[in-house]
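Visitor: As you go down the protein sequences, you meet chains A and B in turn.
Residue numbers for the first sequence follow our numbering, beginning at 1 and rising by one.
Residue numbers for the second sequence follow our numbering, beginning at 1001 and rising by one.
These aren't lab readings, by the way, just hints derived from the structure by calculation.
Hints should not be assumed to be uniformly reliable.
What the hints assert, rightly or not - Footprint (simulated), chain B over chain A, 3 or more residues, beta carbon under 8 Å: (1) 13-21; (2) 44-52; (3) 56-62; (4) 83-92.
We put the CB at the ideal spot given by N, CA and C, even for glycine.
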Amino acid sequence: MTRSWLLALATGTVTMAIKSVGAFMPTRSDSSAFGRATKKLTPLLLPGVLTALIVVQAFSEGHRLVLDARAIGLIIALLSVKLRAPPAVTLVCAAAGTALARLIYSHVTASAI
Amino acid sequence: MGVTSSGYRRGARAVAPLAIAIGALGVVFGYLARDAGLSREAAVVMSATTFAGSPQFAALTVFAAGGTIVAAIAAAAALATRFGAMSATAAPSLRGPLWKRVLLSQLVVDETWAVAQSGAHGFDRELLIGAGLTLYAVHVASTALGATVGNFVGRPETWGVDAMSPALFIVLTAPRLDSHRAWLTVTAVAAVTLAAIPFTAPGVPILVGIAITAAIAFLTPMNARGASRQ
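Please put together the full structure from these sequences, using the hints given.
Guide: Set out below in structure tokens:
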């Protein structure tokens, strides 16, 4: 097997194994301690986990904290959710705002040179 | 909820706009994989088995820079660990025999977990399947396209597609901010995750955020509104 095939298959196998954790846990949630724990966690899980993902995706680049055009997209998304825009509109507006901010920034820096 | 296909369809619809972002990343991944010396088949197999953007890019980056396979896998595993936590929280909803539960859990990535977890009664299997199969098809097909045709999308950041996942997560989080505990959670998680970014390996800040969420869930009393939600 070549190194590149090893990379492809090992990355796949390791990720698949990690994702399988839930398949090997108890499926019945009613009375068990696991079920009670799930019940306590459920209402907070989505806001908590998604907040962590938002922060990392919007404000980081590897190890570094960065404030860039993605913040514009984030503000647009917050505003359009506040205005009750349909989800698809929110996503497209956030992308368009971020793209526009990058375009303007690249023009400004280009003309400065 | 009934037995209609509406759960699957709602899941697919929720991630449909993301197809642009996932597709662009897939094309870039396919192209970069060829550039790093992978065959087209190997690139597609890597996407089809891993089905997760960040671990694939991490492994490929280490590999392309001349790192060892072990280092590449370690980088991918660090970023994939959160899927283990997400999959664990989905466990009560993964029904059927073991092989089926293993297959279902393969569909868990950030966006599909988020959509499935936004179900009215907690984690919803049909939403996971609808969202998961949609993004899986886009991910694998776009990898094949990028590995065959080359990178025709350029830098995906130019199109702002990297702002789409966070936007979806805001859409899904907003309706859940209905209690003091939820606000406490998002504030604490945001602060601690931000603080962890410069000091920990990529992937770890998200795990820290999940740990903070669990700590608040288990250590603070559930108030009446929080309890009535689920």
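Visitor: Among all the numbered hints in the text so far, which are the ones the structure does not match?
Guide: Every hint satisfied by this model.
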